[in-house]
Every structure is written in structure tokens, then in C-alpha cells.
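> Given next are the chains, with one letter for each unit.
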Amino acid sequence: MNSWITTLEHWFDGVACTTWPWLRQDEGLTLRLDGEDQDYIRFNGGRVRQATAVRQIGLRLDYQANQRRCSQRLTLSGQLERDKPLVRDCLERLRQESQALPPDPWLVPLQNHGQSHVHHSGALPEVTGLIGELAEQGHDYDFTGLLAQGTLVRANRNSLGQAHWFSAENLFIDYSLYTVNPDGQNKAVKGFYAGSAWDRERYAARWRDNLQALRQLQRPNYTVQPGEYRVYLAPAAVDDLIGMVSWGGCSYQAFREGRSALGKLFEGRARLSPRFTLRENFAPGFCPRFNSLGELPPESLTVVAQGEPGSLLISSRSACEYAVNGNAAEPGGEGLRSPELLPGDLEQSAALQALGTGLYLSNLHYLNWSDVQEARITGMTRYACFRVENGEAVAPIADARFDESLYRLFGSALEALTRQTECCLATDTYGQRSVGGSQIPGALISAFRFTL
Amino acid sequence: MSPPLTPKPAWPDFDIHRALSRLRLEADWVALRHVRESSYHRSVRNGKPDSNRTSHDEGVMIETRIDGQIGYAATCDLSEAGLLHALKRAVALAGVTARFPVCALPEQVRPTTRGQYASPVGQPFDQMTLAGFTDHLLEACRRLTVTDAVINSVAEATLTETRQHYVSSSGADLYQQFSLISHHCGVTARAQGDIQQRSLNGPVARCVQGGLDQIDWESLYADCEQAGAEVMALLAADNCPDTTLDLILAPDQMLLQIHESIGHPLELDRILGDERNYAGWSFVQPGDFGRLQYGSALMNVTFDPGLSHQFAAYGFDDCGQSARREYLIRDGLLVRGLGSLESQHRLGVAGVANFRASGWNRAPIDRMANINLEPGSSSLETMIAATERGIYLQSNRSWSIDDYRNKFQFGCEYARLIEDGRLTRVVKNPNYRGITVPFWHSLKAVGNADERQVFGTPYCGKGEPNQMIRVGHAAPPCLFSQVAVFGGHA
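Chains as they are written, first to last, in this note's numbering: chain B, 1 to 452; chain V, 1 to 490.
It should be emphasised that the hints constitute simulated quantities derived from the structure, not laboratory data. A few of these clues could be false.
Stated by the list, open to error - Straight-line Cα separation of at most 30 angstroms, DSSO-like style, residue types lysine-lysine; simulated pairs:
(1) LYS8/V to LYS84/B
(2) LYS190/B to LYS407/V
(3) LYS48/V to LYS88/V
(4) LYS444/V to LYS407/V
(5) LYS48/V to LYS264/B
(6) LYS84/B to LYS88/V
Using the sequences provided together with the hints, build the complete structure.
Dropping the structure here:
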């Protein structure tokens, strides 16, 4: 464990030990820590565009008393003596604020959900050296992307003794390699490397694969006319679609509020393919299993089982509101934090042969709902997408817009899923680095509708 | 006695000039951007309190320049030791960047401007109690709930106060204070197996700068009642037809149309390729400035950081450039890009003061601010009267566009058909699609200044690492000819 994490853990101990005696008997408090010590290096054209180091510590106080709740988040310095008065002042303001609010009928009473401590240690390289390596390698290529490297922390304690800790030291390189095809159009492949250490050989192997795909893109474009096509969706493309399913689709609250794309499935008015089984699976350790209340959800929870409705994600707050049993989903969004789409029996190496003639789609872009009630999604193709004829990639395609329902895509049109799955790690860095990831196979689809 | 709506934390003093004096001993050139931001989110749902959360965020971004390259380090530890530690990291990163630079940057990309800016505030946030504000939200929720068919109603608001101070060892000294309001009211109803939603101008589109005087509660209640009535009308409506029609977009959809198909493609850092791995590139080429006829001659688009009360008004961007209004598109011709001093230097084209960071922990990049479609001489009534077969769309619901900003598909909450010069039936699930430049060439009428409405969003995402930033968009209703529209179905 690096020294910053050790120091931060001691600081969090100190904040907690200092705060609990300030509470009155009828008050409950959860302290939620998020922090990171990261380097973010942005590349364009094989050169460094911007390099930023970020050290930040956030402490959220979730307060409840007298059937009321409110919360405040503070950015703190990590210097205990400087931070103590801010925390005390914050607690006092929460106390006053709660008295001005109406009672919250769906308040989840504070409980002690136990203790856990997980640290994923890493052996990260000196960032300046790694920047040099990436720039040297990217110099002869149109390499663009982001290196994010460092430590991140999520922790949670409450005044009843609950204590959870999750920290990780790792890095990712999320990048694109660009080329120009004979039509003068820009074409690109997407690359990704992640690990708790820098493995030069593994990265080089990724590059070799990327460069091979890049050579295939240096051919004239095939233009996709509006209509239906057989497609093979690579795991990254399927992951984008599962991300949409997670955006309200799996939430019990969203279901009750009429904004779940899986509403028809869970009302028995639609079915998905027996090949489609989606679950939350925390086993890979992509993210902390504990949620913001400190609850530990089941290690695995099946949302859709062989096309049939399983369990929606139900937070304790939704369980109170709708008088149902909860499953410790994250309150607020009730989204999948560690989704897994179970694999099928199609060998990935045989995917193009199985596709025959159609389109190979490596990545999708900018998805949104055309009609959420019908689970209809629109979006674009992006990166290395090809026209395939008789099992051979013959031409890159010009980016095309699709508009298709998940009920058809993962229903009657789902011919096969690959036996192999890929780990798609979260790369979001809004505010700070995200945690999470997914395990996703490729999908062979018999009919996929393009519109523009 | 209810506490004030926006209590401030007891932040310790931070003397940025003293900090600069100490750090300038360690590097040839240093700049500090100190940000304190308090954000208060209040929401009620179905007549019950849903969320009351506050964020108090404080930190410093340190910049240093070595051999024409700027290294950045952000820290929440504002002690001398914390700042020195951050400076060392910035120096190390600037040093390695200088070995592999995209472009050497001259000193002029960090002007030595001095000045101040403050949002115009009538009624400060702290002149209302939390209980009083909560009562307003509860009343809004009640007005949304027009019948038993309503299954969800929500009223929420975020009030933000930001203090930002930028100083550099070369003499820049900029202090800016922002007072920001964004709010949203929405209703969902269900009948006969269908579910529809309606909101006040789409997701969190009501965004302004100013004080509480910017919210007219009685008017808002009336709008909530209308939203409730309109969601019931949608439940009784047919799907939008799948056809080609003349299209009138209300200002609350022009917001999205401007944002996605004008704002993003004109960002010079996208044109330079900085965003290719995330948000995407642009169909606009460097040689298009001054040459590309982007749309019809009715199209006039400005970068306007000075429009009072608009969400993204400011005095200076985050590298210290004074902000002023500029035409981006004039009479349909592309004349200027959305690029900061750094991008202008790299690309050699004219830009604007738009180098903005989402917070103290991010380096600035080229962003939209207030991007507005200037009023024309038509009116909504005239446009409708002139339309034989058309459709009038309001309030964004869905948005998607490709990574070069060409092929888009947008959806709205509410639409009415236009037949023989009159508004007729309500239709549900309206969507339309097109390609940016041909679409703007189909612009055939622009509403007048009296019909211009000002909206915005807190949620413009871009950048690696990612940054969410506030933007404003103002426009009157606009008429486009012969656009592909369609409705919802499986």
C-alpha cells in the first residue's frame, strides 16, 4: 500500500473518531470518503497535449435524525487539524437543515452492515518515464488518448460501527490510432490497456493487433444504405448497449416511474432471447461491493434469466417506498455497477464466418433512446467497422446511424453470443476516476436496422 | 426559525497572493487558480422530500511553464507544503511534456489581464429560508399532479455560488463570482398501457445566472399545470407520423440543435484532434473558416459571454483572456471558431475566450459558453401560417450525433402537427433526423427578438480527463423545410 493511501486511511480514522462523539443520541451519520492521487496525461498525434496531476479528497456526510435526512460533501485537505472544524461546522449545519425539512417517509434507518477492507495493490511505473515510452512508440503513428495512473479510494463508515474500505493502484491507457483510407477519409481503431502494473510486452501485443486492424481500414469505404443488415457486434459495442440497459432499465424505481426500458419485459408484455442472461456480478472486484449505505448486495444477482425477467435492482429506499424486498442496489440510480452478460457458444474466432455477409461493428457511439417504452435505441457506428462478405472483411464502412429495439436485438434477432467475454473497465473520469467494469461477449444479430 | 437556503462553510482564509509569492521562487512562471464552489441541490418527488444535498468544493490548480509547455497539478491541500508538492508535480509534468510537445506555446497564451466579474444578483440566495424554498418545490410538484394518471412528479433546483481567483507570476489577477440557478420540473403519466412525460423545457434546461429573483414562482406553477395538461394530451395522442415535413423547433429544442450541430463542431480543439479519442473530431476543416456556407443566409450565431443572466456569462476565461461577443456564423457563413489562445496559436485561425475548466481539478480546454442563434424578423405565428404540412416540436427528450457532428437524431417531448397554416393535433414520441450542413441550409425563417428564449444546461461533457461544464443557448423559434420526422414504435 503506498504512503498516500496509508496516510489517507489514518486521516479517515481520525475524522471518524473525532466526529462520532459530536453526535447526539438520536442522530445517525454516515461518512463517505472518495479520493484519488492521479496523473492524467492526454496525447494527440503521438505527443503530449496536456499533463495534469490531481490529488483530491472528498468527504460526504449523510445525516439523519427525527425521520429526516440531508447530506453535505466537503473537499478536505487531508490535514486533520485543519479539517476538523470544517467537519464539525458541517455537522451543525446538517442538524439545522434537517429541522427545516419535512419528514422523509422513505428514510432508510441507519444500520451497521459490517466491515470490509479491500486493497488492490499495484506496481506503477514512474509516470514521466511511462509518458516517454508512450510518446516514443506513438511518434510514428497518429496516436491519441489518455493515460490515467494512480491511486483511488472509496470508503464508508457510520456511527453504528460500519466500516468499509476499497482502494486500488492501477493505470489505464485508453487510445485511438488513426489513419486515412484511399477515399481520404479518417479511419481509426480503438485500443485499451489496463493493469496494476506496466507490462510492456502486453501493451506491444495490443499494438500489433491494432496495427493489423488499421491496415484493414486503409481500403475504400463501403457506404451502408438505410435498411436491415446482419451484424456482428464486438464486445465493446455490446457493452455500450448494456450500458443503456443499465441507464434506468434495471432500476425498480425507474420501472415504477415508467422510465425503464425493460418495463415491457417485467410486465410480461415482451420477452428476450433465451440466449440472453444479464446479471450483476461483483466477483471480479471491478468496484467496491458495498454501496453508499454500506450495504453488501448479493455477489451475483440475475436481472434477466434466459430472456425471462429476473430481479430488478431495488435499493433499500425503493424497498421502503414501494413495500417490496430490496437487494441493496445503489440508491439514486439503481444501475448495474458490475454487469455481466453471460457468454454463448460461438467461438470468437469463428464470428466472421458465422456472420457470413453483413457488417462487423467494433464500437458504437452516442447512444440514446428513440422510444424508451419500446426500448428503441439510436446511435452511430464508430472506429473499426467493416463490410464482411463470405466471412471476410472486405471494406471499412462509412459511419452509419442505427435505430433498433433491444427487444428485437436481444430477442428474436439474437443468433449467438460468443464463448469468450471481454472485461470492459470503466474509463469515466468526470470529477474523478470511476470504478467498475463489465464482462461482455460479442453478439451475432440477424437483423439490425440502419436509418441514415 | 428555518436556516437560510445556502449556508456557507467556515472555510479557512486562503491568501492566493501570498501563495503565489512563495511558489514563484520555485519556478520561472507560475499561475494559481483557486476555486471555492458551494452547490445546493433541493428536490421533491411526488410531494415528498427526495434529496437535500450540498457540496462545498475548494482547491487550487497550479500551472507552470517550462520550455513552452505547461504542466498542471491540482490539490485540495492548500497548506504551503501541499502547494509546494503540487508545484513539483507540475514542474515534472511540464518537463516531460516539453520533450514531447504537441506545439510550443508562446507566453502570450497566458495574458496578464487584471479584472473582476460578478453575476448580476437581485435577490441573493440567502434571503430565502430552506423551508420556504422547499414549500415552493412542493407546490410545483402539486401543480404537476393534475390527475390520478400521474405516476411521478418531480421538482428540483440547484443553486450554485462560485468564487474563482486566478493569478500568475506574470501579472494576471482575475476575480470572478458566479451565482447560478438550474431547475427542473417534470411529470410522468400512464394510461391504457402507454407512458408519457412532459417537463418544463426538457431536462434541466432552465439555467440562468443571478439571484432568486430569476425564478417567478407563480409563472412556474402555471407552467407546471400546463405540463400536467400536456402529458395527458400526449397519452391520448397518436404517434408522430413517419414522413417528411416542414419543422418548427421551439427555443427549448433549438437549445439542443445549436449545441450539438453548431457548438461542438466549431470547437477548435476538436478540429485539432484533441478530442478524437473521446468526444470526437469535427467535419469542419481549418480551411472552412471564411469559406464554408454553414447554413442559409438567415443563420447568425454568436459567442456571447456578456448576455446578462445567461448561464455561461463571464468576464474572462481560465487562461486570463477577456471575453467578448463574436460572430461565429454570419449570414450563414462560418467566420470564427470556438478556440482559446492556445488553439488559435496551434491552428492559425480566429477564436474566442473559451478556455474553461469545469473545476479546480481540471486543466482548461476549449468549451462552449453562451452560443446563441440571433433573432430574425419572423414570428411563430407567421411561420405556422406559412406552413402547409408541418410539425412544431418542443422540449428535448433524446439526442445523438456522430463523432464528426454530421448525422444527428433528436427527439422531443411534445409536438403538434401543422395543417394548412394551423396548429392541429398533438402527436407523441416525435423524433427527427438530418445531416448538419444540409439541415442548416434548410433554415427558412427565424423568429424575432421578442420570441427569443434563453436556456442552458449544466451537463456539457467533453475532455480527457472528463469535464462537465455549464453552457447557455438562446434562440427564437425557427422553421426548417422538409425534414425527416418519425414517431415511436417497436
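> Hints first: check each against the structure and report whether it holds.
Going down the list of hints, with the structure as the test:
Distance check on the hinted pair: LYS8/V and LYS84/B sit about 16 angstroms apart at the alpha-carbon level, within 30 angstroms; holds. The suggested pairing of LYS190/B with LYS407/V holds, with an alpha-carbon distance near 21 angstroms, which does not exceed 30 angstroms. For the given pair, LYS48/V sits about 50 angstroms from LYS88/V by alpha-carbon distance, which is inconsistent with the 30 angstroms threshold. Of the supplied pair hints, the one linking LYS444/V and LYS407/V holds, its CA atoms being roughly 20 angstroms apart against a limit of 30 angstroms.
Between LYS48/V and LYS264/B the CA atoms are separated by roughly 28 angstroms; this keeps the pair inside 30 angstroms, and the hint holds. Between LYS84/B and LYS88/V the CA atoms are separated by roughly 27 angstroms; this keeps the pair inside 30 angstroms, and the hint holds.
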